[in-house]
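What follows is the residue order along each chain.
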Amino acid sequence: QKEVEQDPGPLSVPEGAIVSLNCTYSNSAFQYFMWYRQYSRKGPELLMYTYSSGNKEDGRFTAQVDKSSKYISLFIRDSQPSDSATYLCAITRSSNTGKLIFGQGTTLQVKP
Amino acid sequence: NAGVTQTPKFRVLKTGQSMTLLCAQDMNHEYMYWYRQDPGMGLRLIHYSVGEGTTAKGEVPDGYNVSRLKKQNFLLGLESAAPSQTSVYFCASSSSFSGAYEQYFGPGTRLTVT
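The listed protein sequences correspond, in order, to chains A and B. Read in my numbering, the first sequence has 96 at position 96, and its numbers run on one by one without any break. Read in my numbering, the second sequence has 31 at position 31, and its numbers run on one by one without any break.
Since the hints were derived computationally from the structure, they do not count as laboratory data. Backbone N, C-alpha and C fix where the C-beta goes; we use that ideal spot for every residue, glycine too. A couple of the hints might just be wrong.
[Stated by the list, open to error] Part of the chain A face toward chain B, derived, beta carbon under 7 Å: (1) Pro-14; (2) Ala-17; (3) Pro-44; (4) Leu-46; (5) Pro-81.
[Claimed, not checked] Here are the computed lysine to aspartate or glutamate pairs in the DMTMM-like style, where the Cα-Cα straight-line distance is at most 20 Å: (6) A:Lys-111 x A:Glu-5; (7) A:Lys-2 x B:Asp-38; (8) B:Lys-9 x B:Asp-38; (9) A:Lys-99 x B:Glu-59; (10) A:Lys-99 x B:Asp-62; (11) B:Lys-9 x A:Glu-45; (12) A:Lys-56 x B:Glu-102; (13) B:Lys-57 x B:Asp-26; (14) A:Lys-99 x B:Glu-79; (15) A:Lys-67 x A:Asp-7; (16) A:Lys-56 x B:Asp-38; (17) A:Lys-67 x A:Glu-57; (18) B:Lys-71 x B:Glu-52; (19) A:Lys-99 x A:Glu-3; (20) A:Lys-70 x B:Asp-62; (21) A:Lys-42 x B:Glu-52; (22) A:Lys-42 x A:Asp-83; (23) A:Lys-111 x A:Glu-3; (24) B:Lys-70 x B:Glu-52; (25) B:Lys-71 x B:Glu-30; (26) A:Lys-99 x A:Glu-45; (27) A:Lys-2 x B:Glu-59; (28) A:Lys-70 x A:Glu-15; (29) A:Lys-42 x B:Asp-62; (30) B:Lys-57 x B:Glu-79; (31) A:Lys-99 x B:Glu-102; (32) B:Lys-57 x A:Glu-3; (33) B:Lys-71 x B:Asp-26; (34) B:Lys-70 x B:Asp-26; (35) A:Lys-99 x A:Glu-5; (36) B:Lys-9 x B:Asp-26; (37) B:Lys-57 x B:Glu-30; (38) A:Lys-42 x B:Asp-26; (39) A:Lys-56 x A:Asp-83; (40) B:Lys-71 x B:Glu-102.
Only chain A is shown next, with the shape it has when bound in the complex (with noise of 0.2 Å):
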């Protein structure tokens, strides 16, 4: 079993609609929840990060974790063209230097 899995889409929505992105990891100790942002071409970026369980909002994205669930999310409201790429959940450990375990991610394109 994969630490992390990520279904890897691609998802196609329409400008406006809200987006739902989704990881489930298999190992409890796990303690910070990232997403990054990869546009075509390029090297990813974090968009944000949470520590522990809990939401953390970011002007229209909003990161979830659910770790009695192992579960974490990522929400776009308003989804924009501009926001078609594909999207890395990835987990670490505090102890954990250097090892980031990411998904496979998730393309997604947003039609005007």
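Keeping the supplied structure of chain A fixed, place chain B upon it in accordance with the hints.
Positioned in the frame of chain A, the structure of chain B alone reads:
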């Protein structure tokens, strides 16, 4: 402030050839990483370094070697390239203050081995 840069951007190798990928960062970060990205596989960690002169194996280290002689540079070597090493390679760096989660990535090197 260039962030993380990678050299070269593209390369085509024949099986058995060797090459070195260079990563440089100007953010004074302690930690540096090499990943490979393949379709449907996400990013997989090859090797990483927690400081000048140190290296450690990641998830998929076989067939690769690394060196961190200077804090700002992290080199990835392929001694005898194989078609299975066709991939996009990303270098990243992070500060020891923020931990591993906030990694800054370079633009990638697209390598094809024929």
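*Which of the numbered hints are not met once you compare them with the structure shown?*
1, 2, 5, 6, 13, 14, 16, 20, 21, 23, 28 and 29
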